[in-house]
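These protein sequence lines map, in sequence, to chains X and F.
Numbering-wise (this note's numbering), the first sequence opens with residue 98 and increments by one.
Numbering-wise (this note's numbering), the second sequence opens with residue 1012 and increments by one.
These are computed hints drawn from the structure, not numbers from a lab.
From the three backbone atoms N, C-alpha and C, an ideal C-beta is built for every residue, glycine too.
Some clues are possibly wrong.
No more than 30 Å apart at the CA atoms, straight line, and that leaves these computed lysine-lysine pairs for BS3-like [as the list claims (entries may be wrong)]:
1. X:K140 - X:K163
2. F:K1063 - X:K149
3. X:K253 - X:K325
4. X:K140 - F:K1130
Calculated Cβ distances over 12 Å to all of chain X for the following chain F residues [as the list claims (entries may be wrong)]:
5. T1020
6. T1082
7. E1134
8. E1137
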Amino acid sequence: MKFSMMEAQNETYLSDWLAGKISDAQLKALIPAEDFLAYQKIKIALDGLEIKPPDTEQNFEAIRQKLVDKTHTKPKVVSLWRYVSIAATVLAFFGLYHFFIAQNDVITDFGKSRVITLADNSKVSLNAKSTLSYGNLFPYQRTLQLQGEAFFEVEKGSPFTVETPLGEVLVLGTKFNVVAIGDLFEVKCYEGKVKVSHLNQSTIVTPGESVRFYKGTSENWAETTTAKPTWISGESSFKKVPMRYVITQFQNQYNVAVKYPKHIENIKFTGTFTHKDVNVALQSICLPLQFKWSKNSGTIILSE
Amino acid sequence: MKNENQKATLCSESVFRSVFDTNFKVLRNFLVYKFRGDTESAEDIAQNAFVKLWENCGILQPEQAKSFLYTTAIRLSLNTIKHNQVVTNFELQFQAKSAHKESPEFLMEASELKDQLEKAINELPEKQRTVFLMNRFDNQSYTEIAVALDLSVKAVEKRMHLALLSLRKVVKNV
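One chain only, chain F, in its complex shape (with noise of 0.2 Å):
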């Protein structure tokens, strides 16, 4: 596969497209999950990182694109954060898929689960919830976080561990 695809360059159209459609939701979740700062600025930012990516599309190999663009992101943020200062507590939401099979106890539970683990999560610390998130909501592997954060797979591996702790001391008396 590699060999089909040794022309494969990112300013191609159709490479940069396939690139928007792996990366774009991951990258604008991820800011959110880092910063806590509201989704209309963290996709502005993501669409940023992808216009920078698309300028320096002639430098850099497609797989290269992922990390050049969790890095900008993470410097395009702290350029406005230092204007704007605002930490937003990200909220959470059910998925619409699986909110018609459960039955409304469950929902009910649930719901106070979720205000839990959203109050939970918001302590975390940075790096641990970030990581988390990425591996829980975007179903990202810790090897796929690894890269694209360029930490060591067993880093992840601990922040998941240490985040879990933390998450399970909310729900001692569920």
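So here's chain X without its partners, still in its complex pose (with noise of 0.2 Å):
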């Protein structure tokens, strides 16, 4: 029964009787005799064995020798720098491109508009199918690039320049709209003074004034003033603007292909179209004019 205990996983005699903690005699009554004598040969013949013991003094020398070799190589750290510095170089780069190059830019899609509050607290409404951009320097020079429609109202401060490919708009705080659609440029201005400058002529507009850029002639009027263009309340409004021009808007509104007679393109049109029903806006464009429209596979037809 003794023996059996001795045999568990747990037992640590032979261990204890290495170590001396247990004695000779204590072993040999846990174990049999032929076990005690297998084990003390074991023991003796181990202890006059080893495996070939190292040369210290030589292995000292080989320590003292790669740590001279290791502060030789400590060049490598410094090219790790290099890396490091070029690493760091090219991020700054790209820093640099995103802060001063990089531009954000606005579009919407048709039938979309977005008001967007720049950074100055200037505000503006982008009408369907137009882009903005401005670069990230824009609260150090509020210069900013248009194509299609938006109305600006622009906080008082340094000059406020909206560019266009057709010409620039320069404020100083104010409100105003500025389309710049194929080649038809035109600035209303709502509130304060605008220079417009189209090629080489310049114009003043002030409030209830309109421009009009168009073919390369220019035309001034003034209307009673709204507070805000037409479009941002839902309504595309003309007043003697080409036929060409009001079909564009129109399909920039509900993105419908429009097929028309190509003689009554340069045709003016004076009215407002809707941009909440097309049936609605086909009536409004059609009946002053007196033309006919049908609908063919999604193709809207105007006729006379």
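Assemble the dimeric complex from its two separately framed chains, guided by the hints.
Right, dumping it as structure tokens:
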């Protein structure tokens, strides 16, 4: 019974014996004599054995040499710093690019409009199918680019410039609407004063006044002032605008193809159409000019 | 004694040298036992562990040196073993000091036993073999082994016990 206990996993009597914690006699009492003799033989045999010992001095010298070699290869650390500095430079350029050169673009799709508040608190309402871009330095140099139509409410401050492919609008703090679509460039001032330049001409526009540049001619007119352009409240208004442009605006709002006879494209249109109902809008456009319209698989066909 | 040694730092060459004298041989042997590699690469790795110890002498206390050396040496070995998967059976030698006082018959028998033990030791599980040889060949106490390998003393004792049981099986007929 004692013996079976000895075989249990947790027993350490052999290591106790090797360490001298239990005597030969005590071990003999625990295990058969034959086993004891075998263990004693192993113990004695192992005492006379070893593996080849190292040469201490030679090894210490080798360590010393390795330490010396390591200090000589220190330049590697420097070259790592070079990589780090290259990486930092690339990052810095990326940052500079992002900060100074990268542009923010706001693009609206058919029938959509958006209001953007700029860093200087100026507001821009962007009409359908238009693009507005400005750099990250906008708060320091108030210049932005427009293609399409937008209404600006500019906070007072440094000069505020709207650049379009057709000309520039320069203001100090005011509200105005800019159209730069195709070859039509039109600015209407609602508050303050704006200076509009187109090619070599420049004009000052005062509240209620509008200026239009179209095919080399310029036109000024004044009308009773509303607070904002009508398109912001969901209508497009026109005053003696070529039909071609009215139809473009109509397409921008409703995203439909419109076919029309070539000779009507320069007929001047004065009126308003809604952005909410395509049939009502078509009526508003066609009735005053006595046009007819029909729909053919998604395309609207205008005729006289 | 601790008070006297309060200023002892591993960065002093004399302290480093004494750590080397105490630990180099046993560390190198440990690597041979554990990985059954050749003594040359074991020495190379042990040297590298001492190089690392010197490089870190500023942040280590002298009493941490031992376990740092073992941990570092194991890590370095695992790196090299990946490259070089050769496992050699290490060979045992008679200690010169005990050879002269024995009779030829005894030596004959001992040589036979030596071969059997060599074979059996090579076949021991790595954990048992390492602990067993550290104790038998390098006279390290169970406590010292436990500190070096980050084990409990009880675990060391169990491994010793199991190793001896295994060796007993091969010397059955002696």
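Checked hints:
1. X:K140 - X:K163: 39 Å, violated
2. F:K1063 - X:K149: Since the Cα atoms of K1063 of chain F and K149 of chain X sit roughly 25 Å apart, the hinted pair holds (cutoff 30 Å).
3. X:K253 - X:K325: Holds: K253 of chain X and K325 of chain X sit about 18 Å apart, inside 30 Å.
4. X:K140 - F:K1130: Holds - the C-alpha atoms of K1130 of chain F and K140 of chain X are around 16 Å apart, at most 30 Å.
5. T1020: 17 Å, holds
6. T1082: 18 Å, holds
7. E1134: 15 Å, holds
8. E1137: 16 Å, holds
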